[in-house]
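Q: Read top to bottom, the protein sequences are chains G and C.
With the numbering used here applied, the first sequence covers 1 to 218.
With the numbering used here applied, the second sequence covers 219 to 966.
Hints listed in this document are in silico derivations from the structure and should not be mistaken for laboratory results.
Each hint should be verified, as a subset may be incorrect.
Think about it this way: if two alpha-carbon atoms lie no more than 27 Å apart in a straight line, the pair counts; the simulated DSSO-like pairs of lysine-lysine are [stated by the list, open to error]:
id, chain 1, residue 1, chain 2, residue 2
1, G, K58, C, K730
2, C, K328, G, K111
3, C, K538, C, K500
4, C, K337, G, K111
5, G, K58, C, K352
6, C, K594, C, K760
7, C, K538, G, K58
8, G, K111, C, K666
Since we're looking at a predicted model, the values are computed, not measured.
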Amino acid sequence: MGIIYWNVKAIHAIIFLWSYLTFAQFLKSGTMQQHNANTFGASIIYNWLSYLVDYPNKNFLYSNEVHFLISLLESLRLTQNAHGIQAFASTPDALLRLQLEYTRLFIQDGKRPAAAPPYASFYLEHRLWGESTEEIMRLYKTHGFNLPPNEIPDALCWELAFLAHVAEQGDMQTEGLMLQHMRTWFPIFQEYVETHAEHIFYPTLVKLIQILIQKEDS
Amino acid sequence: MAEITRRHFLQAAALAAASIPLSRAIKVYAEEKKPDFVPKGSFEDTQSIAGGVCEMCFWRCQLVGKVRNGRLVKLEGNPKSIDNGKAICARGNAGIMLAYDANRLKYPMKNIGERGNPKWQRISWEEALDECGKRLKAVLDKYGPQGISMFPHGASAKYPMDFFETVVGTPNISEASFFQCRGVRDQAYLTTYGHTCDENVDMANAKVIFLTGSHLGENIHVSHTMSYLKGLENGAKLIVIDPRFSAAASKADIWIPIRPGTDTALLLAIMNHLITKGLYDKAFVQANCTGFEEFKKACSLWPAKKAAKECDVPEAQIIKIAELLAQNAPNVAIHPGRFSSWYGNDFQRIRALACLTALLGAYKVPGGFTNPISPKTGSVKWKDAAEPDEKINMAEKWPFHPPGTPTDAIRNAGITGKPYPIKATVIWGQNIVQTIPNQAMTIEFLKKQDFVLCVDVMPTDVTMYADILLPEPTYLERYDVIKKGGKLSTNGPDKQYIAARMPIITPLHDVKDSIFITNEIAKRMGFERHIPVQNQEEYVNKILEPAGLSLEKLRAENGIHIEESTKKAYRNGNELEFETPSGKIELFSKELAEKGFAGAPAYTPPPKRPAGYAHLLFGRVPVHSFTRTQNNLWLHNEMPENALWINDKMAAKMGIKDGDRVKLVNQDGLTSATDTVVLVTPGIKTDAVFLPHGYGMRNPMLEIAKDKGMDDQSLCSANCVDPQTGTHGIRANFVRLVKDGKTISFPI
Ligand code: SF4
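Okay, chain G solo, but in the shape it has when bound (with noise of 0.2 Å):
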């Protein structure tokens, strides 16, 4: 469905666009100006991702980076997706059942165990912070990338937002390791939001960060 119209480079050329449209909130810091557009926006992308699949709270289905959602899925001519979300975010109990859906899928399931943890070390070793934990955790202190001691560093949220710190510096290797990285656990992942999932919400993010961290070639 419209896959195939699917690839880096078309998504490179949405954030190309759009990097100049919304988000000013990322337009902090001088040196970022300095790097190309398209590096740019790739930082601006993974951020956008790493707040979209973290817990939603209240404004969240009105929010810009929603509706960036729907109208980028629109241009990928994903418009099932995108009218999908667009129906769902208008109805009127939206954010408690997206949040069910995310408590469910991703922290603890009343039925089950929560069906996609979302942490890389939970497909690669069924453990969280374990030895690939610690490794993810050394490429960030050598990019000087600290998080809050609480958080679990190879969580998806803050392997996006270390991809954007990278991409936004312009280091195109760490980027690539990780997203090599990330090739290695998340198609898992995909698959169990993908079955698991009651509605098209977190299919369709993931499908959006599987385009994403690819393989250019691919």
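Starting from the structure of chain G, add chain C with the ligand where the hints point.
A: Just chain C with the ligand, lined up with the frame of chain G:
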């Protein structure tokens, strides 16, 4: 010239190297060339953080953690410890996997489904605490303090427990450690000696160690096990009374496979023999005990011959044990046990153990009932605190009850509304579905509540029934308990130590400690002015202060303060004082008699085994202690399910083979939800089966533990309450096998 082989070459090189040393230069060179490589599982570059105190069981070994890049890589015993030393057990090692369990509780949750069939919504702390405050206050206003009950467990539950007891004012607090475990033991020793006991009897220096139904060696407590093994190493004789060939039985000089539940008769017979043959420590008894004549009479009801029949033990064995004890007195360690709530006749059994110690004069002597002296520390009391009103206290029906109110009374009140309704329940670290016998009643109780709050580290069978579920830090991430104790010495001053639990890692996810949670709830219930401390550190510092210590000082001392004791735990001469009503050891207790109970230890037979059924025995294994160890990946891999022990002769008659899979059905028709594997063994009595405890969790949130093995507690439906203490006897249950859907009776 012959071809040079590899061997020739190496030989020649070795010769050359003898005159021209190469090794140093090569070493330096190799050092330079060494790749920057950290092998997997290595502890290189780790930072050691002292101050941890283990909570994988209640023994509280002192720890250091090795942390690298924010990751806890390994736990070890604190080398400074005079308790566990560098050693920790398998569970202690696996504590890492509790902190890093993917199924851990991570955020405050609201149940918008139903109790037992929850639908979870992550909410903010603010919202969660508001909800708790509002709902608890509503119950308090409508039903009074007695309308709230609490089931605490563990060090983090102490502060909230004190709040509910002394500020909210409810007496309805039930700790499993008291009402389903050791409370009856403590009360029996208290009644006999005027002080409670712990299991730190001086086994290391004993000439005889006497164990009844003990799982020592299967239930590891590091220093306890070390003391036991030291005793054995030094040649102590070991007597083990147990229907099962336990780990201890395998090391025993005398193993008595007793008929389950008849231990008191055996103990009375041993004491009767000591008395009638004049083998007891007359001087000690004369100087320190009271009620000897009545006691003697009580023992005389059980001559060895009669006990032999009752207990299914050869008469000669009973006499042999009595004589072995007498020959080695007073250096005999009569172990008081730990898990003591067996058949609802337990208070009298433990009284008998306490009296046996006294008869042998084995009190405060090397190898005897000598608990080390702990240093003094302070406590934190809520401001303007008061004891709950006596008028609402249901516990008085059991005059020798341990602190709190018997669980059965609370649960009945919650179900029937009599003597008054209980409508809100706070469950803090205790899995009451798997600790209290009769799960159906517990669930009914939970369903009848207006509000259920659970606070824990892991999902458990009871957290499924929460309305609000709050996540706590693990013991590796918080401050709370002060572990203190002592070490006996036979040739110098005793030693004492104080260690405070200090975090080894930062709390993960979005968890909050019990001081924060309790204070916030207290504020929302209108009790702000009673709050005694603002945070965990202040709480611990207040307790440490009277000992001249603080967290800062303890940190500087690598987590443990050690000092010489000014007093010796062993007695000198006979000048002993006891805080009993008579000031003596009460072989016969007037207080007991006045309250309508047997004043001297008396044997009540356990509930009778129905024909075709076997006693359901259970006990620990080295890899599990609490509900929260069940989902631990490392521990689970060591022992994925709990094999059911069945006597080999019985198995042959019943057509059961080793490795068969069976379910169990109990005397009330309850069938286990899961099956498990059979272990056919001569090491258990024909009329009993044994199932290791700590398996068969039902909470589907537990990826590893769910439905693995069989839950013994689901088969414990007999409500067997000890009349003196109100504690629950949990072993009075009987089972038959179910194989391939067919029920198989025991041919006895
Ligand atoms: S005995 Fe084992 S589980 Fe218990 S406190 Fe010590 S190390 Fe921890």
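Q: Hint by hint, say whether it matches the structure.
A: A quick look at each hint next to the structure:
1. In summary, the hint linking K58/G to K730/C is supported, as the alpha carbons are separated by about 22 Å, within the 27 Å threshold.
2. For the hint pairing K328/C with K111/G, the CA-to-CA distance comes to about 15 Å; that is within 27 Å, so the pair holds.
3. This hinted pair checks out: K538/C and K500/C have alpha carbons roughly 20 Å apart, not beyond 27 Å.
4. For a cut-off of 27 Å, the pair hint linking K337/C to K111/G stands: about 8 Å separates their Cα positions.
5. Proximity of K58/G to K352/C is assessed by CA-CA distance (about 22 Å); at most 27 Å being required, the pair is judged to hold.
6. For the hint pairing K594/C with K760/C, the CA-to-CA distance comes to about 13 Å; that is within 27 Å, so the pair holds.
7. A C-alpha spacing of about 76 Å is found between K538/C and K58/G, which places the hinted pair above 27 Å, so the restraint is violated.
8. Between K111/G and K666/C the alpha-carbon distance is near 22 Å, which keeps this suggested pair within the 27 Å criterion.
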